[in-house]
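Peer 1: Line by line, the protein sequences give chains A and B. When the count follows this note's numbering, it moves up by one through the first sequence with no breaks and lands on 97 for the last residue. When the count follows this note's numbering, it moves up by one through the second sequence with no breaks and lands on 392 for the last residue.
Keep in mind that the hints are not guaranteed to be accurate.
Just some of the chain A residues that point at chain B, by a computed CB distance under 7 Å [to be verified]:
| hint | residue |
| --- | --- |
| 1 | N27 |
| 2 | L47 |
| 3 | I53 |
With beta-carbon atoms standing in for the labels, derived distance ranges [claimed, not checked]:
| hint | chain 1 | residue 1 | chain 2 | residue 2 | range |
| --- | --- | --- | --- | --- | --- |
| 4 | B | E78 | A | I53 | 19 to 25 Å |
| 5 | A | K82 | B | R140 | 50 to 56 Å |
| 6 | B | K163 | A | R95 | 39 to 45 Å |
| 7 | A | R95 | B | M194 | 48 to 54 Å |
| 8 | A | K37 | B | N207 | 38 to 44 Å |
| 9 | A | K14 | B | G223 | 35 to 41 Å |
| 10 | A | G96 | B | T200 | 54 to 60 Å |
| 11 | A | K82 | B | T200 | 52 to 58 Å |
| 12 | A | I53 | B | E193 | 42 to 48 Å |
| 13 | B | G223 | A | I53 | 19 to 25 Å |
Since the hints were made in silico from the structure, they are not lab data. We put the CB at the ideal spot given by N, CA and C, even for glycine.
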Amino acid sequence: MKSNEIKQKILLEKWNNELIENILLSNKDDIFILALKNQNCPVDLILDLWQAINPKVRYLICSHCNTPKSILIEISENDPIKDIREKAGKELIKRGI
Amino acid sequence: MEEEYNDIAKKLKKLNSKEFNQFIDFSSSALSYGYITNNTQQYIRNIEVAKLLNEKYSRSGFYTSAKNAQKWLYQRLEVKPDKIDLIFNRIQGEGGGEVDVLRAINGSLRGLFYKAEYATNDSGIITNNVPGIDAIVKNRFTGEIIERIQIKSNWSTDPNVLKQTISRFLKNENYDKNIVLSGPKELIKAAKEMNIQNPTYSFGNVNTNRDSAEKLMKTINNGKFESTISFSGAAEKVGKGALIGAAVTISVSAISNYIAYKNGQLSMNDAFKNMAIDSSKGAIIGGSLAGLSLVFPPGIIGLGIGIVVGSSIRQIVDIAYGKGEYKKIFDEINTTNNLSLGLTHFALTTNNALEMQKPFINEMIKEEQKAIILNEISKKTDKMLEDKIKEI
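Build the full structure now, drawing on both the sequences and the hints.
Peer 2: This is the structure:
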């Protein structure tokens, strides 16, 4: 799938396994960011992006409502960037954890 | 089975003690060789899979290290324990399946003239943007591309899943009838039933793919999914093989092969090769754990061949994985004859050799760490240069 097609499908929220696989295989930060800005971004994609190289992607993971608690805990404890660790910590507090 | 053992025992009785020691040297070397080559091959293969996945998913970061991959798997299993197929799709479909097909092509006779490579984009990067193919086969001498291959690595026998895979292959916008469809035999059979005109390449079956996916998952789970060769990892594999081959089990096949060799029915090379193949198939450490294995000695049948079943074998095999206490086990075995002593000595010597390697391994680990640091520094310098160039 070409980048533009992937982006269009994200905007149209055509979420399925094939789209998730294509997002990951695109290996492009701008596509990851676009997907994570969507409130309905599935947890399956989050499970594959929470260790992304780009800090912006990881920051968006922290803000996303579908991010599992266990991942927020992991990020809050081990992310190499302090701001991201703090963001994950705040999200955990928000969720009452 | 008992008859077979008795028959072998009778034949072994004809060997004098010198010949017996020769047999032990011979068979233990062959078994070690088989185990070591198979396991180092497996080790290298897993590294290739990790490297491929790390390249394909480099921005996702989850295969950048064995630890990250382990964390990725842990979270996946924690949050979505029912979605194993998605994990298999990632590690087998995008990784192991492709690596195995390329290794098979490059390792075959055909590989002397042709070379299989992953399909890359114009920048030489492995991505999914290469239209409809996963690999190419080139003439080694002219560089001409002679085949373009789409690799499928199904692990389900469900006919609907197989049909869906073929439909996706046909509906790909970059499909053309010359692309070779590679897949497990069940998929190729289904493709032929659907009258697909493309050339096909049958590789393995759905069970071998599932088995591979499960093993890869286990490797990741154990934190051993490394994308670089570590000296410690390789040495560890060799050490394990030496212990297993030397001290643990001598299979029925090994004895039969040795006797055939002694009787002039087999050449030394063939006997050695047969034993090595036997051990590399996992006959020692695999399924045979539940059954019978022959362990030298002590004397159940005639000259001191012991048949050890179940837990005893497992304990000894555990030695090879660093869990057991081999000295204790050997102390428990009645080591009164030369054969026993010789074998025990061999095992102890092998273990001592492994112990001696350890300081060296530590040095190599330090060197590896230095290389990683240098690599990081180099990356930072590259980034700085890149930024400076942008400023110009």
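Peer 1: Take the hints in turn and mark each one as holding or not.
Peer 2: Cross-check of the supplied hints:
no.	hint	result
1	N27	holds, 5 Å
2	L47	holds, 5 Å
3	I53	holds, 5 Å
4	B:E78 / A:I53: 19 to 25 Å	holds, 23 Å
5	A:K82 / B:R140: 50 to 56 Å	holds, 52 Å
6	B:K163 / A:R95: 39 to 45 Å	holds, 43 Å
7	A:R95 / B:M194: 48 to 54 Å	holds, 50 Å
8	A:K37 / B:N207: 38 to 44 Å	holds, 42 Å
9	A:K14 / B:G223: 35 to 41 Å	holds, 36 Å
10	A:G96 / B:T200: 54 to 60 Å	holds, 56 Å
11	A:K82 / B:T200: 52 to 58 Å	holds, 54 Å
12	A:I53 / B:E193: 42 to 48 Å	holds, 44 Å
13	B:G223 / A:I53: 19 to 25 Å	holds, 20 Å
The structure agrees with every numbered hint stated previously.
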